[in-house]
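Note that the protein sequences, when read in sequence, are chains A and B.
Following this note's numbering, the numbering of the first sequence begins with 5 at its first residue and continues without gaps.
Following this note's numbering, the numbering of the second sequence begins with -12 at its first residue and continues without gaps.
Read the hints as simulated data drawn from the structure, not as lab findings.
None of the values given here were measured: they were computed from a predicted structure.
Keep in mind that the hints are not guaranteed to be accurate.
Said to hold, decoys possible - If you want the footprint, here are the derived chain A segments under chain B, 3+ residues with CB under 8 angstroms:
no., segment
1, 126 to 136
2, 145 to 157
3, 162 to 168
What the hints assert, rightly or not - Incomplete in silico selection of chain B near chain A, CB under 7 angstroms:
no., residue
4, Asn2
5, Ile50
6, Thr53
7, Asn61
8, Gly63
Just so you know, even glycine gets a beta-carbon here, dropped at the ideal spot from N, CA and C.
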Amino acid sequence: MQDWARWNVYYAESVNGHDATPFFVQGVISDHVIHRGTISTGGLGGGADRSLADLFQIAFDPQHFANVAFSDDHLINTEVSGSDNGFDNPTSRRKIRANFTRQLAAMAGSVVKTGSCASQPPPPPPGAEKIIGGSQIASQTSGLVANFGFVAMNDKPQSVSFLSR
Amino acid sequence: MMAPRVGSIDVHSANTSVPSVTFQGDCGTFKGDAKVNQKPGYAYTVNACDNAEPGAGKDTFFISVTGPNFSYSNGGVITSSNIQIHKQ
């Protein structure tokens, strides 16, 4: 399979973000493609590739230079037999590593002078929001428990059962 | 209609009317019609929060049930298992 999405790490900074017309500078801070294929946007409930996890972190040092840690699984794990199905093949097993980079100078990326704030995200599609559970809480009768189970979705009738002795 | 004895209650959603659900943060609140001890004519409201993984000792569940001359509520931190919210 060819032409899977290729992901790099970007850094953007504004020092006047509260102004009516803030300025941003941005640039690529990874020196290679760090991931190929899909990424999950659904957290623990996501069905896509979660190999990068949630391990991107950023902090400023006393010189106001960015210190960034990020995940990287671009290398194929050739130590495992049969894992190499091609560089652009998502079925290839990868080596997942942590990378670190530190800003050495003021950003030299392109200066972004226009744009607008992100709009309110659209409401989740039907069925995308749900809460489920099943467990116990203390009963109103001392020493006993109450059992419950439920499924609530944003597009279907809710189901709940609750039993307390 | 006889109200159930407080302390012993068996609630099942009946869905005889359109239920509703709202999500806010890590919590969901949903309500609808219910049968209590197999008798219709009651209404329930549930608020559940997914505060941690795993949820035992962290997630919360509250239920209130009302009906003819009857009102019941109970809730608190769950003691086992989990409550899971999916936002997308």
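Going down the list of hints, with the structure as the test:
no., hint, in the structure
1, 126 to 136, "holds (count 6)"
2, 145 to 157, "holds (count 7)"
3, 162 to 168, "holds (count 7)"
4, Asn2, "holds (4 angstroms)"
5, Ile50, "holds (5 angstroms)"
6, Thr53, "violated (14 angstroms)"
7, Asn61, "holds (6 angstroms)"
8, Gly63, "holds (5 angstroms)"
Checked against the numbered hints given earlier, this structure breaks only hint 6.
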